[in-house]
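Peer 1: Mind assembling these two chains? They're in different frames, but the hints should get you there.
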Amino acid sequence: MSVLELNGRIFDASTTGTLTLTSESGAATTDVTQGLNKAWINLNGTGTIALRDSLNVSGVTDVSQGKYTVAINNDMADVNYATVVGNGGYNGGQDLRFQTGLLGNDNHDWGNYTAGTFQLQTKNVANDSTMEDGSLICVTVSGSLA
Amino acid sequence: MSTLVTNTITGLSTAANITIGSTPVVSASANSLTIRGEGSAQTSVQQGLLKAWSNLDGSSFGVNDSFNLASATDDGTGDYGLNFSNNMANTNYSGGGLGGHDSGSYTRIQGVDHDHGLTTAQFQINTQDTNGNAGDMEPTLTVVAGDLA
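Read top to bottom, the protein sequences are chains Z and D.
By the count of my numbering, the first sequence reaches residue 146 at its end, each step adding exactly one.
By the count of my numbering, the second sequence reaches residue 1149 at its end, each step adding exactly one.
Okay, chain D solo, but in the shape it has when bound (with noise of 0.2 Å):
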């Protein structure tokens, strides 16, 4: 195998695309980057990488693992502060998360709390019964999808 060593690849027809095997890759502006999906059409990196995700034991209350995230509080039965490493653009981010408790098939849901909302930081998520009591999620899995700042 040969290896090209430079800082830059710019395009021949186009210099904002390149292609790799058959994938092509476009940056069209400053941090943006599309590359082929599975069929023809054109897909967002940025856009489509989760900017945020965690594994967090909200009994015993740790975090098992995580992506982006500084820290994680606990707040209170079924209540959990999720703070960003590096925040998001907006808070017009997406989302979502599930999870259970203990071993036996007790389900449990999960929201952001409402008096807290999204910010650009962190997000504030409860954790309940189907009976709409608070009660701990163990484990708590979510996901975020959105600009970075």
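If we strip away everything but chain Z, and leave its shape as in the complex, we get (with noise of 0.2 Å):
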């Protein structure tokens, strides 16, 4: 057993690749490892694209208009990862006309979904759907690390 106890809280890393810790109520026990996010970004997608903050991640590259690739630096162990997508406001009022998500290949085929890159597509739903740049695009990643 390899334990570390602060103040009745216990850090357990028996495991390799494993630190789980006692939960807030102290009858279960969580997973750090797994639970923290392993890469984030805040992206300004407009014009000549700039990551504004992010973790773990080593670039995005700006495919075309509203359509991004963003390069994981230390790669997920596999494809099944999960994130969490935000998007900022159109200007003016309550308008989330510009709507992110993952892009996929034809066909539901998940294939540019990698361990070190995956692609972010910007649409807006108020114009039929084009691909638009956005001006605040946010991801968090969760899942395993290699």
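Among the clues, some could well be false.
Unchecked claim - Computed, partial: chain D to chain Z, Cβ under 7 Å:
1. D1079
2. N1083
3. G1095
In case anyone wonders, no lab produced these hints; they're calculated from the structure.
We treat Cβ as the ideally placed atom computed from N, Cα and C, and that holds for glycine.
Peer 2: Below you can see the structure in the form of structure tokens.
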């Protein structure tokens, strides 16, 4: 057993690549390693695109209008990771016309969703879903690192 | 099991490094802590942790549960303010959200209110239906990642 106890809370690192901690109630344990976001971005996707801030991302490529490729610095272990996406609104009022999602290939083929990269596309849902650049694109990534 | 009672653990080979089992824990600089990930790479604990999250009922309005949220405000249909307890370090933080409406298959989307943007102390979110009309979201699930002040 390899544990560190701080005020009754136990960090258990008995298994390689796993660090667990007793839960808020103390009745369960939670996996610290799995619970950490492994990457996140705050991207200005307009003009000369720029990462405002990020974690574990080596860069973002502006593929074309509304389409971006995000390169993960330390790769994920597999392609089974999870992402949460957030967007900024459009100028004036409660207008959320710009929506970003993960970009797959045709026919529900997620071949471009890899351990090292994933692609995003932003569409203007108020304009027949044309591809548009987004000024605030946020993504968090959860899963296992390689 | 033996118990070691101490205030500070300092690495023997490298002062900033200790290992729990086979998990290296590294504090290379002040306020920085990394641990070994699932594989061989190190990952930042502070940067990887969510700094706030909320489960908000945007219809009858109330915060069901949250982390690092001092309060939430109902500022109109599909218009909510989320106020941090401990502020963020800057306005470059990240996050996202999802939710729905009622028990049917009504989709709602959420985003950051353009007119308010992100501030270190709070951010304003808007929710709407897929036709672009403002609408309350229940539940409104939101996460925030980034740097704390």
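Peer 1: Give a verdict on every hint.
Peer 2: Here is what the structure says about each hint:
| no. | hint | verdict |
| --- | --- | --- |
| 1 | D1079 | holds (6 Å) |
| 2 | N1083 | violated (18 Å) |
| 3 | G1095 | holds (5 Å) |
Checked against the numbered hints above, the structure violates only hint 2.
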